[in-house]
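Asks: Listed here are the chains, written in short residue letters.
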Amino acid sequence: MMIIDLLIGPFIEFEFMRRALVGCLALSFAAGPVGTFLMLRRMSLFGDAMAHAILPGAALGYLAFGLSLSAMTIGGLATGLLVVLLAGLVTRSTTLREDASIAGFYLISLALGVTIVSLKGSNVDLLRVLFGSILALDDAAMMLLAAMSTGTLLVLAFIFRPLVMECVDPSFLRSVSRAGGPAHLVFLALVVTTLVSGFNALGTLLSVGMMMLPAIAARFWAAELTGIIIAATLIGLISSLSGLILSFHTGLPSGPAIILVAGLSWLLSLALGPQGGLLLKLLPRRHLEA
Amino acid sequence: MSAPLLSLRDVTLGYDRHPAVHHLSAEIERGSLTALIGPNGAGKSTLLKALAGALDQLSGTIVADASLRIAYLPQSAALDRSFPICLFDLVAAGLWHRTGAFGSLGKADRVLVQAALERVGLQGFERRTLDALSGGQLQRALFARLILQDADLILLDEPFAAIDTKTSADLLDMIHGWHAQGRTIIAVLHDMPIVRDHFPQSLLLARECVAHGSTDAVLTERHLARARQMIEAFDEEAHICAQDSLS
Chain A
12 MMIIDLLIGP FIEFEFMRRA LVGCLALSFA AGPVGTFLML RRMSLFGDAM
62 AHAILPGAAL GYLAFGLSLS AMTIGGLATG LLVVLLAGLV TRSTTLREDA
112 SIAGFYLISL ALGVTIVSLK GSNVDLLRVL FGSILALDDA AMMLLAAMST
162 GTLLVLAFIF RPLVMECVDP SFLRSVSRAG GPAHLVFLAL VVTTLVSGFN
212 ALGTLLSVGM MMLPAIAARF WAAELTGIII AATLIGLISS LSGLILSFHT
262 GLPSGPAIIL VAGLSWLLSL ALGPQGGLLL KLLPRRHLEA
Chain B
30 MSAPLLSLRD VTLGYDRHPA VHHLSAEIER GSLTALIGPN GAGKSTLLKA
80 LAGALDQLSG TIVADASLRI AYLPQSAALD RSFPICLFDL VAAGLWHRTG
130 AFGSLGKADR VLVQAALERV GLQGFERRTL DALSGGQLQR ALFARLILQD
180 ADLILLDEPF AAIDTKTSAD LLDMIHGWHA QGRTIIAVLH DMPIVRDHFP
230 QSLLLARECV AHGSTDAVLT ERHLARARQM IEAFDEEAHI CAQDSLS
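In order, the protein sequences belong to chains A and B.
Residue numbering for the first sequence follows the working numbering, starting at 12 and increasing by one per position.
Residue numbering for the second sequence follows the working numbering, starting at 30 and increasing by one per position.
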C-alpha cells in the first residue's frame, strides 16, 4: 500500500504532476525513434549541436513576447530549420562534410543566442530557456507537445523506408529512387521539431538527453531496428515516470531527475543488456557447436 | 541489327571538375555480357554509377530507353553492415519497383523474396542481421536483391571481390542465367581468367576508352600496357579540357 502511495500518490494529488507526466510521455514517444536513427547514423552528438542552434530563436521569442510558448517555439523552429537547411546546402555544394558544416552554423547560432540573452535578459531567463519548466506545463504547452510528437511519428513512418536504405546502402537507393536526400533532410527537420517541443518540458539541453539516452540504452536490448525503436520508447517512458516520482519525493529538479534516471538505465543496459552487454561478455560461456 | 540498349556520347564523368572518365563514347548492345576492366582509378566504378543514374555526368549524354529497368550492385564495402536490419529486409528492397518508397510488402511479395533467398542458398538466414553474415553470404544476399529487381540492365561493381571460388562459381552461374534470359550485364572485374572464360565482350577503360569489343581482341598486351600508362596522367593543376573548347 505504502509503495503504491509513493508511486501513484503524487499524480493523484497534484494536477501539475499529471500534466508533467503527460508532457514527458508524449515527448518520449517521438524522442525514442528519432534518437534511434541519430545513433545509428553516427550522429549522436547532432542533437546536442542542434539544441544549441535553436537557442537564439527561442531567446528572441522569449525576449519579445515573454514566456510565450508559441513565440519561443516558432523562434526555435525557425533557427533550427535554418541551420539544418544551410548546413545541408553547404554539404551538397562544397567538399565540407555534414558534421563540419553543422558545427560551423550551430556555433554561430549559439553565439548569437548567448549575445541576445545577455543583451536584454538576466541569467535567470537563460536558465529557464536552458533547463525548462516541466512543472508549469499549461494546456497550450501540452497540446503542442502532443501534436508535435504525433506529427513526428507520422512523418517518420512516411519516410521510414528511404531513410533506412539511405543508411544501409545509399548508392543502391540512389539507383532506385531519388527519395534518399529529401528523406535525410526531413529527418533532420524532425530532430529539430522534437527538440523544440522538448525544450518547454525539459529545456534545450535536457531534451537531447531524452532523445539519446533511451536510444543508446536500447541498442543493448534488441538486435533489429524495430526492437531497438520499441525498447528506446519504453525506456523513455519509464525514465519519465520514475524521474518525476524521484524528483517529487527528493526535491530534485524534475528535468535533471528524469535525465539522471535515463542515464542510469543506460548504464544498467550497458552492464546487463543481452545484446553485447558487459556482463555477458565477462561471463565465461562455452561456445556453441554451430 | 537492333538499336543498342545504351549509347554513351562523349560522356565525361568526374568529381569536382576532375574527370574520372574522359570523353567516352560507346554503345552497349542489347543482351550483351560485358566485362568492364582497367587499372585502379580508371573510372570503372564511376562509369557504372553514372549508368545506374546515381551520378550526373559533367558533359555528354547517355541515351537509354526511358522504360529501361536498371539494377545496380554497388561495391559491398559501401554497405553499412552495422545498421541493424535483417537479411530479409535488405533483400526485399529489390522489390522497390513494386512497393515504391511507401507501399507495403504484400503476401505475394514475401513469397518472391523467399524464392530469391532460396535461389542463392540463404534460406534460414532471413532474420540474421547484416553484421552476422560472412562476406560471401552478404554477396549472395545482394544477388538475391538483384533477382528481385528483375531488370533489363544489370550493373555489377566487383561482384567477386573477396569471395571464395565456390561462391564465385555460383554467382557466375546466375550471371549466365540472366544472360540466357536476354538481360544485358556489365560487370567491373579484375580477375582476367574470369573475364576470358565468362565474358564475351570487354571494355578496357583508363579514364578514356582504350578498347571495346570482343574480349579476345581487347585483352592484348599492347592495350593493357597503354591502359597502365594513361592512368598516371592525373594532374592536380590541370587546365580546362581543350577538347571542349574546340567544339
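Be aware that a few hints might be false.
Restricting the straight-line Cα-Cα distance to at most 25 Å, the calculated cross-link-like pairs of lysine to any residue (SDA-like) are [to be verified]:
id, chain 1, residue 1, chain 2, residue 2
1, B, Lys136, A, Leu279
2, B, Lys136, B, His219
3, A, Lys292, B, Arg157
4, A, Lys292, A, Leu279
5, B, Lys136, A, Ala168
6, B, Lys136, A, Glu235
7, A, Lys292, B, Ile91
8, B, Lys195, B, Lys136
9, B, Lys136, A, Ser188
10, A, Lys292, A, Leu278
11, A, Lys292, B, Lys136
12, A, Lys292, B, Thr158
13, B, Lys136, B, Ser111
14, A, Lys292, B, Ala161
15, A, Lys292, B, Arg156
16, A, Lys292, B, Phe112
17, A, Lys292, B, Cys115
18, B, Lys136, A, Phe169
19, B, Lys136, B, Gly242
20, A, Lys292, B, Ser111
21, A, Lys292, B, Ala107
22, A, Lys292, B, Arg38
23, B, Lys195, B, His219
24, B, Lys195, B, Ala107
25, B, Lys136, A, Thr237
26, B, Lys195, B, Ala240
27, B, Lys136, A, Glu300
28, B, Lys195, A, Glu300
The hints are simulated quantities; they were obtained by calculation from the structure and are not laboratory data.
Asks: Each hint should be assessed against the structure and marked as holding or not.
Replies: Hint-by-hint comparison with the structure:
Of the pairs offered as hints, the one joining Lys136/B and Leu279/A is violated, with about 40 Å between alpha carbons and a cut-off of 25 Å exceeded. At roughly 40 Å between alpha-carbon atoms, Lys136/B and His219/B are farther apart than 25 Å, so this suggested pair is violated. Of the supplied pair hints, the one linking Lys292/A and Arg157/B holds, its CA atoms being roughly 20 Å apart against a limit of 25 Å. In summary, the hint linking Lys292/A to Leu279/A is supported, as the alpha carbons are separated by about 14 Å, within the 25 Å threshold.
The straight-line distance between the Cα atoms of Lys136/B and Ala168/A is roughly 21 Å, inside the 25 Å bound, and the hint therefore holds. Only pairs whose Cα atoms come within 25 Å are accepted, and Lys136/B paired with Glu235/A is accepted, the gap being roughly 22 Å. The suggested pairing of Lys292/A with Ile91/B is violated, with an alpha-carbon distance near 54 Å, which exceeds 25 Å. Restraint check: the Cα-Cα separation between Lys195/B and Lys136/B comes to about 33 Å, which exceeds 25 Å; the hinted pair is violated.
Between the alpha carbons of Lys136/B and Ser188/A the distance comes to roughly 23 Å, so the proposed pair stays at or under 25 Å and holds. Taking the CA atoms of Lys292/A and Leu278/A, the gap is about 15 Å. The hint holds against a cut of 25 Å. Distance hint between Lys292/A and Lys136/B is unfulfilled; the C-alpha atoms sit about 40 Å from each other, more than 25 Å. For the proposed pair Lys292/A and Thr158/B, the alpha carbon gap of about 19 Å is at most 25 Å, so the pair holds.
In summary, the hint linking Lys136/B to Ser111/B is not supported, as the alpha carbons are separated by about 28 Å, beyond the 25 Å threshold. In summary, the hint linking Lys292/A to Ala161/B is supported, as the alpha carbons are separated by about 17 Å, within the 25 Å threshold. At roughly 23 Å between alpha-carbon atoms, Lys292/A and Arg156/B fall within 25 Å of each other, so this suggested pair holds. For the suggested pair Lys292/A and Phe112/B, the alpha carbons sit about 21 Å apart, so the restraint of at most 25 Å is met.
Under the criterion of a C-alpha separation no larger than 25 Å, the hint pairing Lys292/A with Cys115/B is consistent with the structure, at around 23 Å. At most 25 Å may separate the alpha-carbon atoms for a hinted pair to count; Lys136/B and Phe169/A meet this at roughly 21 Å. A distance of roughly 44 Å separates the Cα atoms of Lys136/B and Gly242/B; the hinted pair therefore is violated under the 25 Å criterion. Restraint check for Lys292/A and Ser111/B: the C-alpha separation of about 19 Å stays at or below 25 Å, so the hint holds.
For the suggested pair Lys292/A and Ala107/B, the alpha carbons sit about 29 Å apart, so the restraint of at most 25 Å is broken. For the suggested pair Lys292/A and Arg38/B, the alpha carbons sit about 58 Å apart, so the restraint of at most 25 Å is broken. Using a Cα cut-off of 25 Å, the hinted pair Lys195/B and His219/B holds, with the two alpha carbons roughly 18 Å apart. Only pairs whose Cα atoms come within 25 Å are accepted, and Lys195/B paired with Ala107/B is accepted, the gap being roughly 23 Å.
The straight-line distance between the Cα atoms of Lys136/B and Thr237/A is roughly 20 Å, inside the 25 Å bound, and the hint therefore holds. For the hint pairing Lys195/B with Ala240/B, the CA-to-CA distance comes to about 31 Å; that exceeds 25 Å, so the pair is violated. Among the hinted pairs, Lys136/B with Glu300/A is inconsistent with the structure: their alpha-carbon atoms are about 35 Å apart, more than 25 Å. For the hint pairing Lys195/B with Glu300/A, the CA-to-CA distance comes to about 24 Å; that is within 25 Å, so the pair holds.
In summary, the numbered hints that this structure violates are 1, 2, 7, 8, 11, 13, 19, 21, 22, 26 and 27.
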